[in-house]
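Visitor: Read off the chains here:
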Amino acid sequence: MKKLVSISIFILGFQYAAVASSLVANAGEVKFTAIGKPGFLKIHGQSKGDFPKGEIQILNGQASGDFEFNLKNLDTGIELRNEHMKEKYLEIGKFPTAKLKIEPIAVSEEELKSDFSKKFQGQLLLHGVTKGVSGNFDYQAKTKNVVAKFNLKVSDFNIAVPQYLGVTVSENVETEVLVKLKDKE
Amino acid sequence: MKPYLVQLMMIFFAIVCGSMKAMAFPDMMRHGYANCSTCHASPAGGGLLNSYGRSLSGELLSTWKSKNEEQPLHGAVSISDFVMEKYFFGGDVRYLSRRTKDPRKKVDEGFLMQTQLRFGLALEKLKFLMSIGKIENPRQSQEVKWVSSEYYFIWNVKEEVYLRAGRFEPIFGLRMPDHNLWVKSDVSLVPWLERDTIELMVEGEKLFLSLAGFQSTSKVATVQQATGYAATASWIWNEKLRFGSSAMNSEGQGNRTKALSFHNTYAFSTKAYSHFEFTRVWNNDSIKEVGFFRVGREIVKGFTPLLQAQARLLHKPSASNQWKQGAGIIWLPRPHFEIMAVYEEMHYKREDSSELNLLFHYYL
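Going down the list, the protein sequences come from chains A and B.
Under our numbering, the residue at position 62 of the first sequence is numbered 62, and the numbers go up by one with no gaps.
Under our numbering, the residue at position 298 of the second sequence is numbered 298, and the numbers go up by one with no gaps.
Rather than coming from a laboratory, the hints here were simulated on the basis of the structure.
On a predicted model such as this, the values are computed, not experimentally measured, just so you know.
Wrong hints could be hidden among the right ones.
Claimed, not checked - Below, simulated BS3-like cross-link-like pairs (lysine-lysine); rule was C-alpha separation at most 27 Å, straight line:
(1) 31/A <-> 42/A
(2) 86/B <-> 37/A
(3) 42/A <-> 86/B
(4) 37/A <-> 258/B
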């Protein structure tokens, strides 16, 4: 019996120590930049009235997270371009969201007390295809803001290269995700 | 009623009753369009719009639009995308109504400045572009001569390198369409001084370069004929600022002119922008400096109030400097139509005068 109690206490203690913290997104932004030719047209898109939902868990000095973003809230500043992007290329009717799963990154509780930058790897689900992505992120301790930057290739996600009336958009897209985190209640 | 109220009412009247779409918009940088070739048939900008440029005129520039209204003939005839990518068709009609007033007289005039049809053909690496229609002296006669004052071919040598040759104005300065600006007229960049030109252009993501050699055509008055070269380099910084410098050297009939210009366009936001140009002109033994500044803020899609100032400083003991400053609007109510109204007050030789220009522009 004594042994059972000791094991239970050990397991409970371990769980308490393991779930050190959990941070949840309460605001943020998704941005992307793509280049069109001819003329090196810069297409900037960003989330409008929405942000990536999800949380980061820090477990045994390893941070990992899952975020989901509703693609219907992307805006490029031109209505027709939005329509083409969402209906023809992202096909949001069939694939309404993008999901990013961050693979565990070594982050200590101590590190979270100051600003830092790190590399990350993750799995991005976009247009029904999951593919590995990698990039860098910056963490600001004071605001608990995380800004992650990564590049993606639309053809990796079975998205056709966007073309419209002689303008062709590069298949490489620079993506930036800002997440404002707060402690999970 | 106070004179300025009358002038303001005239501007308002023109806005409400008039209608007319412009082509050369260096300020499109505020929407990510740093180079001209995305929307225009020529990487130098101006003139014929390509299909994407037409689409954008409706989607981004005009206050209102209906489906396919930006297409040739306002979409009355359906043309396939394939045809639109191979053939270009357009045209310009510009009408200027002007009131000038000084202590001695008031002059009201209105005249057709431009009536041109434009055509183009795109092959794999080559484009042929031309215009037909010319009003030789708009203030004296509205007669349109159906001759071509602009025609050239563009060879896309490499992805970012273009060579064009034919009859056209070389690239210099901000590439604004308003040829009555001193920064254009004082370096003879006006449409009636036709030139045969060969020009090399390099269009990069952050850099634009052009180098041109030109010679006046035999149709230009002998005293105005010149042979020369022009070069321009522009850099784009942070997608907000385009800063450039242009140089021109020309000689002819005892005239030797050199010009050096610094110019920039700054995009404060997707709504607000400024243009600045300063040019120093050496003409034989005289020197003058001309400056231009404009700041505009789009308050409703397609409707942009602006403030602008111009200066002409002459480096001669007996000469007087000239200043102009004023306000106006550019309004693109619907695709194909542009209205520009600018009221300016001018100071010259201790005398004040004013000028109200209303420009109606229709793009076919």
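Visitor: Decide, hint by hint, whether the structure agrees.
Guide: Okay, the hints, checked on the actual structure:
no., hint, verdict
1, 31/A <-> 42/A, "holds (13 Å)"
2, 86/B <-> 37/A, "holds (17 Å)"
3, 42/A <-> 86/B, "holds (25 Å)"
4, 37/A <-> 258/B, "violated (35 Å)"
When held up to the earlier numbered hints, the structure conflicts with hint 4 and nothing else.
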